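Quick note, the sequences are listed as chains A and B, same order.
Take 1 as the starting number for the first sequence in my numbering and just add one per residue.
Take 306 as the starting number for the second sequence in my numbering and just add one per residue.
Since the hints were made in silico from the structure, they are not lab data.
Bear in mind that the values here come from a model prediction, so they are computed numbers and not experimental data.
Just so you know, even glycine gets a beta-carbon here, dropped at the ideal spot from N, CA and C.
Hints may contain errors.
Stated by the list, open to error - Sample of chain A residues at the chain B side, in silico, Cβ under 7 Å:
(1) 70
(2) 137
(3) 140
(4) 144
(5) 149
(6) 152
(7) 153
(8) 156
(9) 200
(10) 201
(11) 237
(12) 271
(13) 272
(14) 274
(15) 285
(16) 286
Unchecked claim - Cβ-to-Cβ under 8 Å is the rule here; a few derived chain B residues that face chain A:
(17) 320
(18) 484
(19) 554
Stated by the list, open to error - Derived pair list, reagent style SDA-like, types lysine to any residue, alpha-carbon separation capped at 20 Å:
(20) B:429 - B:439
(21) B:429 - A:167
(22) A:167 - B:538
(23) A:167 - B:580
(24) B:429 - B:336
(25) B:519 - B:530
(26) A:167 - B:331
(27) B:429 - B:440
(28) A:167 - B:336
(29) A:167 - B:334
(30) B:429 - A:41
(31) B:429 - B:335
(32) B:519 - B:535
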Amino acid sequence: MARSIRVDDLPLAAPTPGPSAAGAAAPRGRSRWWRRFARNRGAVFGLGVFVATLLMAVFAGVLAPYDPVAQGVGPANQGPTWTHWAGTDSFGRDMLSRIIYGARIALVVGVLAVLLAMVIGVTLGLVAGYYGGWVDVVIMRVMDGLFAFPIIILAIAMMAVMGFGVKNVIIAIAVGFIAPFARVTRGDVLGVREEPYIEAARLAGVSGPAIIARHVLPNVLAPIIVQAALRVSGAIITESGLSFLGLGPPPPTPVWGSMIAEGRNFIVMAPHISTIPGIALMVTIVGLNLLGDGLRDTLDPRLKR
Amino acid sequence: MIRFVLSRVAQTAAVLFTVSVIIFALMRMIPGDPVLMLLGDDFTEDAYRQLRARLGLDRSIVTQYVFWLRNILQGDLGDSVLLHDRVVTLVWDAFVPTLTLVVASMLVGVVIAVPSGLVAAMRKDSAWDWGSMGFAIFVYSMPSFWKGIVLIWVFSVHLGWFPAVGYVHPWQDPWQGLWKLVLPAITLGTFFSGLVARIIRSSLLEVLDQDYIKAARARGVRRAALVYRHAMANALIPVVTIIGLQFGTLLGGAVLTETVFSIPGMGRLTVTAILNRDYAVVQGAVLLGVCAVVLVNLVVDLTYAFLNPRIRLA
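Pulled out of the complex, with its shape left as it was, chain A reads as follows:
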């Protein structure tokens, strides 16, 4: 393929100021790793946003001032006030509580979908790369086919087949992300496979699966983690997109995507219904993108410029 640059490898964040020579001097150990990460202001901001969203999701029960699905806790379509900081929606539900609970769905779907895709994709990539031959050909051709689907279109098709609900959203998004994980893993395994220590293990009579688990996987882990970090934001955007189309978790589940969609009908008299959940979504995505970028620069120095 005529592809000299992979889109996912490109820095999303603005360049980090400061001497780059220090960052290039391969640091060893955890503290140096952390120092290099901490020098990337965007990444630290991203980590902060991620932790904040995580805390919001975990402590939603404590933080939310109202029940997120209770109707009529305030007047309908009211803009932000002291009693309802983010206003109320058309059912008189408290928007702030719904946004806080929405973080839970967004993170659960985003993280679980990526983890599921990672487990399947990495396994396929390891097997394809290590064994080669027809196993490799079959697995990777299937991955090529999956890769051709735009993620949201594949997810829409999967939802059509499986029906709606949080579990199915996770599966639909995960299927769309399997191929990138398999490709990244396989590419690195091809290099590691030829290393002398793999040859030594093989000669010592260690079985294939054991070599893969003990010697191959640990050496290809860094790019996989980077890939996972970069994909979580994509998973959350896809989930929101599905919910926006009305193909996500059914109402009255508090989901950012469906909240934005509901507010569309009230854009003239109550613009806050669409705009405020969108801000929550956007801040989360910016944070995750910056965090993924920072992790890539620190964990996968090959891609650092």
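Take the given structure of chain A and dock chain B to it, following the hints.
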């Protein structure tokens, strides 16, 4: 060159085959018996067996796939249960507005991305660099459906500059058509510009770091001339291919964006079909969308090879 073209065409055929198998498998995973759905509540055992045989559902799965593929290759995607029209017609009518939006967004994206990517690379680590890359990540991270709503709120509801919703083919009524396309194209185009500006920046930085550029600089070539005359051509070839390879991403984005602006495209068609369990339409839409992506990728790769003598002459 011929070998390269043949191998790429073969690869594309293989991908299309896999895609067809995936879609066929997906459609077979739909719960419920299609024969029962067609027959309704009142039918005889005999009628059931006959319809089942007529649909080919009593054959092996491989035979079913071959029949299915043969129909599709002949351009027969079946009929819509609900809209009483041929799926091919429905899907094509919906594909045109979506494609129009994708092309318009590509133009908007490139117009924004080229100058901002150039400035960022030429003044690396400056405020310009920070500003344009900050803008890039900002517009890139905004979900397109939300950005569309915000744009409607500002430019239609408040300022009244552009129509909020609707679509007219630009070749039927150029003024109305383009006017209604402005907000959707900005919505999706700014997302695309964020992606492309970053690619242009890093591609240009990579080229500017190469020996022939250093040599030119040592000869005293001015920086602007260096970029425009020596670096641009080499930096832009990979950018052009990546723009093409993002066609799928844009198609997905268009599905969401057109929903916001009530454009009668693939998004609306597919979602309505899903909610109505009109599976032939869903299948047709997905098939056309994916085939378009695969074929655009092929064209992009071949164009790249044609532009790049290192591949063309190999």
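Hints and how they fare:
no.: 1; hint: 70; in the structure: 25 Å, violated
no.: 2; hint: 137; in the structure: 10 Å, violated
no.: 3; hint: 140; in the structure: 10 Å, violated
no.: 4; hint: 144; in the structure: 5 Å, holds
no.: 5; hint: 149; in the structure: 5 Å, holds
no.: 6; hint: 152; in the structure: 4 Å, holds
no.: 7; hint: 153; in the structure: 5 Å, holds
no.: 8; hint: 156; in the structure: 6 Å, holds
no.: 9; hint: 200; in the structure: 36 Å, violated
no.: 10; hint: 201; in the structure: 34 Å, violated
no.: 11; hint: 237; in the structure: 6 Å, holds
no.: 12; hint: 271; in the structure: 5 Å, holds
no.: 13; hint: 272; in the structure: 10 Å, violated
no.: 14; hint: 274; in the structure: 5 Å, holds
no.: 15; hint: 285; in the structure: 4 Å, holds
no.: 16; hint: 286; in the structure: 4 Å, holds
no.: 17; hint: 320; in the structure: 5 Å, holds
no.: 18; hint: 484; in the structure: 20 Å, violated
no.: 19; hint: 554; in the structure: 6 Å, holds
no.: 20; hint: B:429 - B:439; in the structure: 13 Å, holds
no.: 21; hint: B:429 - A:167; in the structure: 45 Å, violated
no.: 22; hint: A:167 - B:538; in the structure: 48 Å, violated
no.: 23; hint: A:167 - B:580; in the structure: 19 Å, holds
no.: 24; hint: B:429 - B:336; in the structure: 56 Å, violated
no.: 25; hint: B:519 - B:530; in the structure: 13 Å, holds
no.: 26; hint: A:167 - B:331; in the structure: 17 Å, holds
no.: 27; hint: B:429 - B:440; in the structure: 15 Å, holds
no.: 28; hint: A:167 - B:336; in the structure: 17 Å, holds
no.: 29; hint: A:167 - B:334; in the structure: 17 Å, holds
no.: 30; hint: B:429 - A:41; in the structure: 17 Å, holds
no.: 31; hint: B:429 - B:335; in the structure: 53 Å, violated
no.: 32; hint: B:519 - B:535; in the structure: 11 Å, holds
Comparing the model with each numbered hint stated earlier shows that hints 1, 2, 3, 9, 10, 13, 18, 21, 22, 24 and 31 do not hold.
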